[in-house]
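**Q** Chains as they are written, first to last, in our numbering: chain A, 7 to 251; chain B, 7 to 251; chain C, 7 to 251; chain D, 7 to 251.
Keep in mind the hints are simulated off the structure, nothing from the lab.
Small disclaimer: the values here were computed from a predicted structure and weren't measured.
Just so you know, not all the hints are guaranteed correct.
Chain copies aren't distinguished; within one or between two, either way the pair holds.
Below, a list of computed lysine-lysine pairs in the DSS-like style, where the Cα atoms sit at most 27 Å apart [said to hold, decoys possible]:
1) 92 to 116
2) 225 to 27
3) 231 to 29
4) 92 to 29
5) 231 to 27
6) 92 to 113
7) 92 to 27
8) 67 to 27
9) 92 to 38
10) 38 to 113
Protein chains: 4
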Amino acid sequence: MNNHLRVTVWNENRHEQTNPKAKEIYPDGIHKAIARFLTEAGMDAGTATLDEPEHGLTDEKLASTDVLIWWGHLAHDEVQDEIVSKVQQRVLDGMGLIVLHSGHYSKIFKALMGTSCSLKWREADEKERLWVVAPSHPIAEGIGEYIELPEEEMYGEHFDIPAPDELIFTSWFEGGEIFRSGCAYTRGSGKVFYFRPGHETYPTYHNPAIQRVIVNAAKWAQPVKRELPIRGNVQPLEQIGAAIR
Amino acid sequence: MNNHLRVTVWNENRHEQTNPKAKEIYPDGIHKAIARFLTEAGMDAGTATLDEPEHGLTDEKLASTDVLIWWGHLAHDEVQDEIVSKVQQRVLDGMGLIVLHSGHYSKIFKALMGTSCSLKWREADEKERLWVVAPSHPIAEGIGEYIELPEEEMYGEHFDIPAPDELIFTSWFEGGEIFRSGCAYTRGSGKVFYFRPGHETYPTYHNPAIQRVIVNAAKWAQPVKRELPIRGNVQPLEQIGAAIR
Amino acid sequence: MNNHLRVTVWNENRHEQTNPKAKEIYPDGIHKAIARFLTEAGMDAGTATLDEPEHGLTDEKLASTDVLIWWGHLAHDEVQDEIVSKVQQRVLDGMGLIVLHSGHYSKIFKALMGTSCSLKWREADEKERLWVVAPSHPIAEGIGEYIELPEEEMYGEHFDIPAPDELIFTSWFEGGEIFRSGCAYTRGSGKVFYFRPGHETYPTYHNPAIQRVIVNAAKWAQPVKRELPIRGNVQPLEQIGAAIR
Amino acid sequence: MNNHLRVTVWNENRHEQTNPKAKEIYPDGIHKAIARFLTEAGMDAGTATLDEPEHGLTDEKLASTDVLIWWGHLAHDEVQDEIVSKVQQRVLDGMGLIVLHSGHYSKIFKALMGTSCSLKWREADEKERLWVVAPSHPIAEGIGEYIELPEEEMYGEHFDIPAPDELIFTSWFEGGEIFRSGCAYTRGSGKVFYFRPGHETYPTYHNPAIQRVIVNAAKWAQPVKRELPIRGNVQPLEQIGAAIR
Chain A
7 MNNHLRVTVW NENRHEQTNP KAKEIYPDGI HKAIARFLTE AGMDAGTATL
57 DEPEHGLTDE KLASTDVLIW WGHLAHDEVQ DEIVSKVQQR VLDGMGLIVL
107 HSGHYSKIFK ALMGTSCSLK WREADEKERL WVVAPSHPIA EGIGEYIELP
157 EEEMYGEHFD IPAPDELIFT SWFEGGEIFR SGCAYTRGSG KVFYFRPGHE
207 TYPTYHNPAI QRVIVNAAKW AQPVKRELPI RGNVQPLEQI GAAIR
Chain B
7 MNNHLRVTVW NENRHEQTNP KAKEIYPDGI HKAIARFLTE AGMDAGTATL
57 DEPEHGLTDE KLASTDVLIW WGHLAHDEVQ DEIVSKVQQR VLDGMGLIVL
107 HSGHYSKIFK ALMGTSCSLK WREADEKERL WVVAPSHPIA EGIGEYIELP
157 EEEMYGEHFD IPAPDELIFT SWFEGGEIFR SGCAYTRGSG KVFYFRPGHE
207 TYPTYHNPAI QRVIVNAAKW AQPVKRELPI RGNVQPLEQI GAAIR
Chain C
7 MNNHLRVTVW NENRHEQTNP KAKEIYPDGI HKAIARFLTE AGMDAGTATL
57 DEPEHGLTDE KLASTDVLIW WGHLAHDEVQ DEIVSKVQQR VLDGMGLIVL
107 HSGHYSKIFK ALMGTSCSLK WREADEKERL WVVAPSHPIA EGIGEYIELP
157 EEEMYGEHFD IPAPDELIFT SWFEGGEIFR SGCAYTRGSG KVFYFRPGHE
207 TYPTYHNPAI QRVIVNAAKW AQPVKRELPI RGNVQPLEQI GAAIR
Chain D
7 MNNHLRVTVW NENRHEQTNP KAKEIYPDGI HKAIARFLTE AGMDAGTATL
57 DEPEHGLTDE KLASTDVLIW WGHLAHDEVQ DEIVSKVQQR VLDGMGLIVL
107 HSGHYSKIFK ALMGTSCSLK WREADEKERL WVVAPSHPIA EGIGEYIELP
157 EEEMYGEHFD IPAPDELIFT SWFEGGEIFR SGCAYTRGSG KVFYFRPGHE
207 TYPTYHNPAI QRVIVNAAKW AQPVKRELPI RGNVQPLEQI GAAIR
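Input sequences plus hints: build the corresponding full structure.
**A** In structure tokens:
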């Protein structure tokens, strides 16, 4: 494992201030809980939150981030468009992006997908079972046949996303729905992974299997080391019109 | 709609001879039931069965079939390898193939997929709900958000197939599993669609939504009219070594 | 064939006003040239251009368009964001979109792809040969092994697009580059096809094979007839907590 | 990097015995040349050849191989079907497989693809340029915009393979063809990568960029550590019929 992988966990960090249940489960915020297990996995994990200047995503911070993790819900609209554009450009330039749960509706995810990213939802303390449908994918390493979460928010199809390049998990919900809950994409020189679980009123990010998926995803999403593609006007590599035709 | 589409429905036709429940639901065999609604949809639908000479799949029959539908279960091993090879070649040459239910374990499907095509299964009269996950796909035309079947056999993941080129349906099962139940592939110049439902002891092929999917799939799978690709040793299209380099 | 398919050909229509060569090749504009062969193929083809009110894309026009074809180059920035948003929503709701040549840099294509859509380019009157790599795709119907264009602008990789759902053509260029020149996507309930050829100073849209691809693509991209997916808060389909567990 | 990755390089090793040019370029055989640079990259690389007992692929050897590399051409038919079946099963159980050049026609590749794997070809000492079309893929790490090979055998489309899960390289050939030359697949719990270059009469496997691709591919193809999926008859995870409906 690359023990120098630099991960920034971004969180809007609002529920934790106002919802006692969320505060009880994540007293330091979801971002700190996630950063903790990434650190334990040997990564160089920091955090950034909405209310910091530039949402904590300065040019320096973005430039030194290999993989960005994104959790947002209540305040998607408060994220400045300029910051969203910078994050999008960094993804196209190679930074990995892991979008969690309600982040499906974030500006950055919608911008990278090109679709509404809308879905069905329900809060009913119901059981979710995430089945592995891509057993050869590194994001499924160490994960059993499925991950069972006794209580979660339901997300249901149709989830308005482009067909994933790789579909890794599909969820079964007690109330009768299914959901494509682990979806991998590439965008430019970067990789994007959407992972469904993590409603703020359940201890989902304390679940070891969920943690393992996020650790795996961070490794998978790390930038590939190569020069960025050259684009624009170019000279020919071969002589045009040379052949007698 | 192409009202000259020539479809052959192949059935091993064994359960209908020995299982009273299957015989009651499909007195003329599953193949006749399917051919009937294809005919009603304006197609030129015929049938072929295991116990006919060459399993009913003579060279002439295959050559005049645009789309072949396959139902088998008990007697996969009795299908001659030579016939399987001919069917495979016809698919590569453009014939559509629709594999139904227990046909996942047929020689022809395994040959075209390259994997074991194994899965979990259970017969427990349980509810299946097939969710549409590809709303823009022609195979989903006229289908609502989902198709609900009150009782079916369960098939569960991991289904050992290559990742589908297009995943159109995913099933929810009452017992806790999910399944990629509508999977589209291309092989050579042909198209292949796997569709999960259709256990012989349930009236699944009498369900109008299931019928609609199969009609849609037959249209989708029809051959594209163009010359077959040229392969083998070829002369250059451009002069090699002509440029001063 | 659906002879009621309603296609709108949108063109920025600027080169044809200012560049004598473009005007000579397309005296009525690229849009009229394309609409003509779509009409000959039995479609109900209209046009819309940048300088019309609302760029010719009123709500009524969009609502009655099954497939929109887009050609733009010089004036991408002049297309109003509000119109782009409406077109994007119509695609998500099922309208097909065919983006031609320099339309790769249009606001609508970039919005639907989520990437920069940048590429290499060169104007050197060089030969392009578009090879069919998906022989079973309906967009390749009636097309030979390749389409050869004696002179075209070069577009080269890396083309910054999401990996196509289906890659149908790949171009060879005399100057040494290759390009993914026929790329199919789905977005929401709609389909998108990008097709590379068509620089304004070459008679590319008078080429019968190029015309055939565009006709095929319009048929392929037509909306699938079904209700739009339901999204938002929903009630459970099964009783939650009913089982003794 | 995993310096315990166990790679077996399989070679039919016939050209090197009979063709002076092949022998001059690869005096110890292509397998030894490849194993050498894998060893230099820190891998535990061994070899196996056609004329060894069981073609060098005993059960023990296969069980202790993480990634198998395959080069064959003249003697595909001499490879025993039983060994092919064992290799296929090992891939489905997680072993990576890298198929090189004329291995496109090997029994193992055809069995895993389900297609003819046929193509166009020409031996004319012509230039090949492999363009990277997937800049975010780990197999492209450290590779520039393209790899240029001054002389190679030509392979041309249509290459009869399933659409790759990930297309990483596409080749330009001097004689006018293109080719999907770096194709990634998953099969069962295993990964498969096809890489085009490497005709026996050119020093292709001495090219550092080609070596880098093969090293990258071996890392990418390594097995994911998790239990194999359970299949067959299973008990329900939820009580069936429990809900009042």
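**Q** State the violated hints by number, sorted upward, taking the hints as numbered earlier in the document.
**A** 2, 3, 4, 5, 7, 8
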